[in-house]
Amino acid sequence: LLFAPSLPKHIQTPHWIDPSTSKLLHPPNSKRQSKLPPQPQPHIFTNNDSSSTRTKERRDFIPSSSVVVTGEQRFLEGLQTPFELKLTDEPGDPELRTIIIDGSNVAMSHGLGHFFSCRGIALAIQHFWEHGHRHISALVPQWRQKSDQRIKEQHYLTELQKLGLLSYTPSREVYGKRISSYDDRLILQLAQKTDGVIVTNDNLRDLSDESPVWRDIIKKRLLQYTFVGDLFMVPDDPLGRGGPHLDDFLRSEHRTPDPGNHSFAGSASPFLPFENPRSQTEVLNFRDRTPGGALDSSGGGGRGRGRVHGKGWDGGVQHRPGSRGMMVVPDRTPEETADLKGQLLCVFLDQDNMVTLVLQCHPAEKDINVLSDLILEQQKN
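Just so it is clear: in the sequence shown, position 151 is 151 by UniProt numbering, and no numbers are missing.
Be a bit skeptical, because a hint or two may be false.
[Unchecked claim] Each pair of labels, with its calculated beta carbon distance range: (1) Leu345 with Glu173: 57 to 65 Å; (2) Asn203 with Gln149: 43 to 51 Å; (3) Asp237 with Asp216: 49 to 57 Å.
[Unchecked claim] Each computed DSSO-like pair below joins lysine-lysine, with the alpha-carbon atoms no more than 27 Å apart: (4) Lys162 with Lys193; (5) Lys380 with Lys220; (6) Lys86 with Lys152; (7) Lys177 with Lys193; (8) Lys380 with Lys341; (9) Lys219 with Lys366; (10) Lys86 with Lys177; (11) Lys193 with Lys219; (12) Lys220 with Lys193; (13) Lys341 with Lys366; (14) Lys146 with Lys177; (15) Lys146 with Lys162; (16) Lys152 with Lys193; (17) Lys366 with Lys380; (18) Lys146 with Lys220; (19) Lys193 with Lys380.
Hints are computed from structural coordinates only; laboratory data are not their basis.
Ideal Cβ positions, reconstructed from N, Cα and C, are used throughout, including at glycine.
From just these sequences and the hints, can you work out the full model?
See the structure below:
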């Protein structure tokens, strides 16, 4: 081996640096790199990864803005839209019935089942006020006056109470235990005394057996509703198809509903014009008749519908007072009935049920003036 001669100290000897260890000895820009946050490395899915692992990894990358919206959030966002209760100082319709609002039911419905929304009660009262009602009472448990995070916009309760449109049902606390009266009972009592209509989506089934009067109220005087945001809505046919129109339903003396309507199944019909039940429509009535059966008083032909059962009404014929002898008048044809019905509906608007009922009860009457008088008499009853 050959050894290089030693050099003086002032002469520097070049050092050959091994590139494999150069990074360990002198890391370049080490201070600058330590300040940078670590960058997340995307996971590379392989065929060996399970589905649960993949799902978990995907959830980690979902941004926070895609969280599922909740009913509470939607309701609280709706409260950002201001609402001011405005009741005009105008006379109402004295013929309209008293409106009794189930305050708890309405408030919880507007609050989407999460909050007791006092705004919902105010919206309902304003709706009926704008439609001419002046006798309106909303009943709310007294303990709803207390401060509670779940009770929103309590100032509406105070405002409505000052206007005499809201009343509190009894409630108190004894040794920290709340004692409240059953507000549904008070609502039914008020409806009984005022002949009012109850605005609620509760069926009140637990109280239907308390008394026949309450059962009748629950059956015929419950008005359901719905909220679409801050829009309060009630149906035009509160008792179902064939029942009275909302305008008649809310009047003190509304028209008598069609006995054939399913909403009044089980209720006694006020009309008993004949012994044998007749068909619901003139078409069936015409089909059930046999040729000449309506004029056959001996009872020997057809299905026996021509037999006379005393004065007044028969299954197919009618005796007119003042006529000579045993003169009988046949029933109208379906075409005549349809024509009379059209003429009567031009006079009695939105009273299809009443017109149909009078025509069914008087199948032989063809005088439109007589039929009009019968309808007017029935409305008075």
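Status of each hint after checking the structure:
1. Leu345 with Glu173: 57 to 65 Å: Taking Cβ atoms as reference, Leu345 and Glu173 lie about 59 Å apart, which means the hint holds.
2. Asn203 with Gln149: 43 to 51 Å: Taking Cβ atoms as reference, Asn203 and Gln149 lie about 30 Å apart, which means the hint is violated.
3. Asp237 with Asp216: 49 to 57 Å: violated (19 Å)
4. Lys162 with Lys193: holds (23 Å)
5. Lys380 with Lys220: holds (19 Å)
6. Lys86 with Lys152: holds (19 Å)
7. Lys177 with Lys193: The hint is violated at about 32 Å.
8. Lys380 with Lys341: OK: Lys380 and Lys341 at ~20 Å, within 27 Å.
9. Lys219 with Lys366: Between Lys219 and Lys366 the Cα gap is close to 36 Å, so the pair fails against 27 Å, i.e. violated.
10. Lys86 with Lys177: The given pair, whose Cα atoms are some 38 Å apart, is violated under the 27 Å limit.
11. Lys193 with Lys219: holds (17 Å)
12. Lys220 with Lys193: Holds. Lys220 to Lys193 sits at ~15 Å (cutoff 27 Å).
13. Lys341 with Lys366: holds (11 Å)
14. Lys146 with Lys177: Holds, at roughly 14 Å.
15. Lys146 with Lys162: holds (17 Å)
16. Lys152 with Lys193: violated (32 Å)
17. Lys366 with Lys380: Holds, because 22 Å separates the two Cα atoms, which is no more than 27 Å.
18. Lys146 with Lys220: Violated - the C-alpha atoms of Lys220 and Lys146 are around 35 Å apart, more than 27 Å.
19. Lys193 with Lys380: Holds, because 22 Å separates the two Cα atoms, which is no more than 27 Å.
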